[in-house]
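Add chain B to chain A, keeping to what the hints say.
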Amino acid sequence: MHLLIDLDSETPIYQQIRDRMVEAIADGQLAAGAALPSTRQLAVDLAINFHTVNKAYDLLRREGIIRINRKSGAVVHPDVKQPTAEAEAAAADWRRRARTLLAEADVRGLPRQDVQNFVRTTLDRFPGRDDTGTGRPPTAPHPGTATTA
Amino acid sequence: MLIIAFVNLAGTAVVGAVLYLLPRALLNAATVPFGVRVPPDRSNAPEISAQRGRYARHLIAATAVVTPLAVISGAVLRSAAPGAVGAIALAATAAVLWTHAHRRIGHTKRRDGWYERVRQGVATDTSLRTDPVRFPWPWTIPSLVIIAGTTGAAVIGHHEHAALRTVFGPPVAQLLATTIAAGTVMLILRARADIDVTLPRDGATRYRRHLVRTARAVMVSTALINIMLLGLAVIVWTGNRSAWPPALVTVPPVLASLAVFAHLLVRVGPAGDRLPGTVDDETPTGLVRRDDDRFWRAAGTIYLNTGDPAVVVPSRTWTSWTLNVGNPRVLLAAAAILTLAAGIATVITVS
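Which chain is which? The protein sequence lines are A and B, in order.
The numbering of the first sequence is the UniProt record's numbering, which starts it at 1 and goes up by one.
The numbering of the second sequence is the UniProt record's numbering, which starts it at 1 and goes up by one.
Okay, chain B solo, but in the shape it has when bound:
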């Protein structure tokens, strides 16, 4: 009963807190409030401040209503489902508020001609291609050691009658997670650079350091996930049915992984914006990042540009990257992955 109440409370309150933070400056570049590109001197325009305030007020009110409802109905029904329904309702509320803010800011931007008196530009650093940031191979060693240890434990400790899937499933899952992480890092290292066009030398230096930190963070996080999988594997192999061991092996690695990404958000920032500068003598170019709103759909969250040869592009939200869904290679890869996933699901179901 108490656990159900806690799950429903945590489910809605944590989702509410994350959604509250979503449009905050902490998680976004200053020049893309609510997924709308604005010139740097407009990043604190009255309309943007008003929409930030409106979003925050309405979301806090919605969380204050949904959370007690989820806890009480969960207690009455003796179920964690109200917490999940509450979280979905909050996410839908946030989506409506975000879209409203996106439209209002976009309308004001067009009405007042925010880009009429500024020169737009793009910048890159060719050395990112001719002398690229290398894949952080030493940072994969912890994951490889953990996978080797898990495989060794599976081989030495397995019972003759145990199913192969139970014995070798965990190291295979670790290998899969590490491969996906390494592939993601390789894509990120080759992605279009997000370089500040106003101070391109400083922007390129920051972006290079941002890439290094992000690549390492992904590999550290993967090692932590592999530790979690090892812990879960030991629980399955030993047949322990107690409730605490799964929590002990799951929660600390997940929290540590979140701490790694929180460090990236707070100390590194989008394209390394929050890193200390290393170039002091650069004269501003007088240019601003180009207004590419017309290529961003779904309130500035999905990039669709059929004329852009890029596959991976800097995202407008959070400090991450996203895919160009207007690129045929992205669509082909998505279709191949979906087909593969459907095939694997079918094989598992049939067997």
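Same shape as in the complex, but just chain A:
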């Protein structure tokens, strides 16, 4: 995955790392179980403090998105994109944040149709899911689901 950090953003670097990794998993750039660089190596590659990467990985681990093993290192959690008890517990937090973003769109006067289209097309570009709510990967590509490189 290509990890891009905006150093002039108001979003902290650790949060940007966490957000980009979540997006890469959803986009299919990082598959379930895929290996991630060690915290030290990622700190070297981004020329940032080791503790900043550690904070991002720790956040992802607490959210159940990655697993950190002493021997095999950090990997994407094998259960990502699957409905789990942890995901259900996190849903309330996600809804709160999503509501804030939608409220922001409303306050800024963005057309509702544009917002709905954006949500739909964004979700359609995330592979490896069906729309039934079971969370199981489809046996065949879903009609209308765009594939990503």
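By construction, these hints were calculated from the structure, which means they are not laboratory data.
Any given hint might turn out to be false.
[Unchecked claim] Label-pair distances were calculated between CB atoms; the ranges are:
no.	chain 1	residue 1	chain 2	residue 2	range
1	A	N54	B	L176	35 to 41 Å
2	B	F295	A	Q113	58 to 64 Å
3	A	N54	B	R297	28 to 34 Å
[Claimed, not checked] Away from chain A, derived, C-beta distances all over 12 Å, residues of chain B:
no.	residue
4	W139
5	D273
6	A334
Note that the coordinates shown come from a computational prediction; the quantities given were computed from them, not determined experimentally.
We treat Cβ as the ideally placed atom computed from N, Cα and C, and that holds for glycine.
What follows is chain B alone, placed relative to chain A:
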């Protein structure tokens, strides 16, 4: 007499030509003129063009003065020393001109706020760690074959009374050169990637190809150096005192090795900048590489950042890498190498 004149002429003129090329776009990334980081849209700013012109004019003038002086004084003194002194004088002139240009561009950059209206960023490709560019083992085979051949020739052809150092010195030197080259390639493959933050997907693809080409070039160059050492070894073993054989076995491999690196400079470029692109549909991110001037000392040539965990980082000059001298591991390794070198020198001197 003629040879001395040629050596003095070549010594100063070649050094002058190399120093002239040093700040040219051919040898540097466009966004670090004279070791100063600038945004891409400022890479041809009037101040930078003016400093490039000033450097070129003064260096050509210095070379035009020093070269005839070195040739004439060499002819009078019957010595090649004036050529060496001339080359050092040219290098010192280039250093002064470079530092002046570095300061002027840095001053203009700060005064006009070149980084005030741009967003800075960093980019990496995690697959460089999870699926790294592998060490080019097949490209070490030529060197290993040459070392085996040299060792075989040393064992079969050596005289009983010949010193072991004379007989086995060449294959040991070849082995040492190959080990150092392989170690350097391993360090390069693990070094921080220099990925264009404006087009990170394209930058990552170019950087990966750049790594592959550079690793292979280093191993090819090592094989050529090993051929040269084999040739020199044959001359020593056969006791040939003629002047031409050393030139014949030394010059072609050195020229071929230079051609390999010239190919890297001209066709591959810094971080693969000159390679043909493979990603056409990427939207620019709107970010530029971060301004890290405060970590570069000695007019942008030495990287010193105690807060950076990296050991090997992309260099600002040429298409290479450099060490982070602010990293304690680099300082410890340098101290260990110096101690080892001093120890070996002492043992050789005493024995």
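Output the indices of the hints that this structure fails to meet, ascending. Number 2 - this is the single hint that the structure violates.
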